[in-house]
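Trainee: Protein sequences, first through last, are from chains B and E.
FYI, in the numbering used here the residues of the first sequence are 1 to 485.
FYI, in the numbering used here the residues of the second sequence are 1 to 139.
Hints are computed from structural coordinates only; laboratory data are not their basis.
Hints may be right or wrong, so weigh each one.
[To be verified] Straight-line C-alpha distance at most 30 Å; calculated DSS-like pairs for lysine-lysine: (1) K82(E) <-> K263(B); (2) K435(B) <-> K111(E); (3) K82(E) <-> K420(B); (4) K435(B) <-> K23(B).
[Claimed, not checked] Examples of chain E residues lying across from chain B (beta carbon under 7 Å, computed): (5) G4; (6) G15; (7) C49; (8) N68; (9) L73; (10) D75; (11) W99; (12) S106; (13) H108; (14) G113; (15) K115.
Treat the numbers as computed from the prediction; the structure is a model and nothing was measured.
Cβ coordinates follow ideal geometry from the N, Cα and C atoms, glycine included.
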Amino acid sequence: MAKWDGPLGRIDDYRWEIPRSYKEGMRVPGLIYSDEEMLGHILNEQALEQVANVAFLPGIVGRSLAMPDIHWGYGFAIGGVAATRADDGVISPGGVGYDINCGVRLLRSDLHRDEVLPHIRKLMDQLFADIPSGVGVSGRIRVDNRELSKVMVNGARWAVERGYGEADDLEMLEEGGAMKGADHDGVSRRARERGAPQLGTLGSGNHFIEIAAVSDIYEPEVARVLGIDREGQVVVLIHSGSRGLGHQVCEDNLRVMEKAVKKYDIRLPDRQLACAPFTSPEGQDYFGAMAAAANYAWANRQAMTHWVRQALAKAMGRSTRDLGLRLVYDVAHNIAKVEEHTVGDSPTRVVVHRKGATRAFPPGHHEIPLRYRMVGQPVLIPGDMGRYSYLLTGTEAAMKESWGSTCHGAGRMQSRSAAKRAMKGQDIAAMLEKKGITVRASSRSGMAEEASEAYKDVAQVVEVVRCAGISRKVMRSRPLGVIKG
Amino acid sequence: MENGFQILEHTADVGLMATGSDLKQAFAAAAAGLFSIIAQSRQIETRDCHHIEVKAEDADSLLVGWLNEFIYLFDARHLLFKRFDITEITPTSLVAEAWGEPVDPSRHHIKMGVKAATYHTLKVEREFGGYRLQVLFDV
Chain B
1 MAKWDGPLGR
11 IDDYRWEIPR
21 SYKEGMRVPG
31 LIYSDEEMLG
41 HILNEQALEQ
51 VANVAFLPGI
61 VGRSLAMPDI
71 HWGYGFAIGG
81 VAATRADDGV
91 ISPGGVGYDI
101 NCGVRLLRSD
111 LHRDEVLPHI
121 RKLMDQLFAD
131 IPSGVGVSGR
141 IRVDNRELSK
151 VMVNGARWAV
161 ERGYGEADDL
171 EMLEEGGAMK
181 GADHDGVSRR
191 ARERGAPQLG
201 TLGSGNHFIE
211 IAAVSDIYEP
221 EVARVLGIDR
231 EGQVVVLIHS
241 GSRGLGHQVC
251 EDNLRVMEKA
261 VKKYDIRLPD
271 RQLACAPFTS
281 PEGQDYFGAM
291 AAAANYAWAN
301 RQAMTHWVRQ
311 ALAKAMGRST
321 RDLGLRLVYD
331 VAHNIAKVEE
341 HTVGDSPTRV
351 VVHRKGATRA
361 FPPGHHEIPL
371 RYRMVGQPVL
381 IPGDMGRYSY
391 LLTGTEAAMK
401 ESWGSTCHGA
411 GRMQSRSAAK
421 RAMKGQDIAA
431 MLEKKGITVR
441 ASSRSGMAEE
451 ASEAYKDVAQ
461 VVEVVRCAGI
471 SRKVMRSRPL
481 GVIKG
Chain E
1 MENGFQILEH
11 TADVGLMATG
21 SDLKQAFAAA
31 AAGLFSIIAQ
41 SRQIETRDCH
51 HIEVKAEDAD
61 SLLVGWLNEF
71 IYLFDARHLL
81 FKRFDITEIT
91 PTSLVAEAWG
101 EPVDPSRHHI
111 KMGVKAATYH
121 TLKVEREFGG
131 YRLQVLFDV
């Protein structure tokens, strides 16, 4: 693949700028968070061209942003953030992606690593048996069309009302697990057909459930507020999204947006950036359907949370109450939200597109659960399955500079087939087993694609956002067992 | 290039190049390429016939629409296809009969789920002696 050779100015050790003058039509400059070493990888592909292309979107304010885990996607790069004015700017499905509200949830427990390790195989078998995963697998939840509409409006609350989890869980979710303005009528028959049987399924690709133990606590006081008290404490990460329902919502709306681009005479350098004015019927229809898909994803992660609790209780021979498995938080990393930010000197309503990026609101923000408000919003950053994951919090600097956003994960470095070639002949499960990580996967080749070597080191990604000041590092965990779709 | 298609490298996604002496052949090769990404094509039998019609704004959208039709049929109805007889094609519409069968986990190895065919780096090009298509899948 061709190296990107556009102009790039160094702002400081962790910030780089693509000037507006790079391409005629860029409305704002591009800003990339990276250190010099990671920039080398980033320049190996065309991700920065996509950062420049996003700067063409009508109504974009500030800068077209790229997080250090950026890699080449479609339309927006993965790891891209852009804010457009809600009044006269556009909304772009390509700024959210196909897996609407793909996101991460973190649970804390009262268990210690040493209590769980003797049961880890049994536990992973139990989780693998109880949580449907892989391609073309149907879930255990049956919903008809009317019920599916309720899922899309009520999100995680729908799941709790059906007995999946506890009411307390809902307080600890971004948006309370149900975005307002969801329009289930705008979700097509095809999207429903794909989504109904997949509710309560993990999916495939990079989706996973991980049992991990806290290995490092960087800010003990903040960690304690978030429910993390000691090294060795067992935590659970769930990474999944809106399944086929979200993919179809994106596709359906991209087709509408194609026409909208012509109708509203929007000039774009890349078709996959197709968009419509946020206030237009096309823009509002997409936003409503996207919110419906996002709510489906929150219901999905909620149902799986319930099964995780049950599986842990069963494998450990304890009651679920005994385990203390409480939600730390749940974040979306593929989503568009209407938020109030300061543009120039005035508070402005903007549509923040986060595609492979996480909201990271600072201490005191009114959208953070009361219990956490003093420390800032928890940010969950999963790494690859062989290394570690992080718990961060948002900062005031993020609010000022990156629309309250930060990175979302490790970011791919190798293509899936390159990863498979590099891993050829090696038993990934056995390699991980040697590191003390028990893995259960639906697909062996899928495991090779997700090997550590295919990803950037998430520690380096997190270090960049910390040094740039857009996140604080709170805790790191290392995996004990992983379920792969 | 085997069977008129080739899988292309991409960091996060999977690309496909397909060729044919005419648009019908090239589109058929692209669909065959898609199912080679999802499953082992040799394991798929042509038991059932499925009638498919796609309409679009232009040839690019037609290709994306054609492939997304199969992604939907696989995701929602668990259908795999192997033979694609395109009976009519214009730059904005096509009619086809696709032959395949429902997924049978005892016989079919499913390799990968595909979320959608995208417009990114999409190409429908005339070249000497036929057509060349390029498409990127979000997986």
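Trainee: Against this structure, judge whether each hint is valid.
Mentor: Here's how the hints hold up against the structure:
no.: 1; hint: K82(E) <-> K263(B); verdict: violated (38 Å)
no.: 2; hint: K435(B) <-> K111(E); verdict: holds (26 Å)
no.: 3; hint: K82(E) <-> K420(B); verdict: holds (25 Å)
no.: 4; hint: K435(B) <-> K23(B); verdict: violated (48 Å)
no.: 5; hint: G4; verdict: violated (19 Å)
no.: 6; hint: G15; verdict: violated (9 Å)
no.: 7; hint: C49; verdict: violated (21 Å)
no.: 8; hint: N68; verdict: holds (6 Å)
no.: 9; hint: L73; verdict: violated (10 Å)
no.: 10; hint: D75; verdict: holds (4 Å)
no.: 11; hint: W99; verdict: violated (19 Å)
no.: 12; hint: S106; verdict: violated (14 Å)
no.: 13; hint: H108; verdict: violated (9 Å)
no.: 14; hint: G113; verdict: holds (4 Å)
no.: 15; hint: K115; verdict: holds (4 Å)
Against the hints set out earlier in the document, violations occur for numbers 1, 4, 5, 6, 7, 9, 11, 12, 13.
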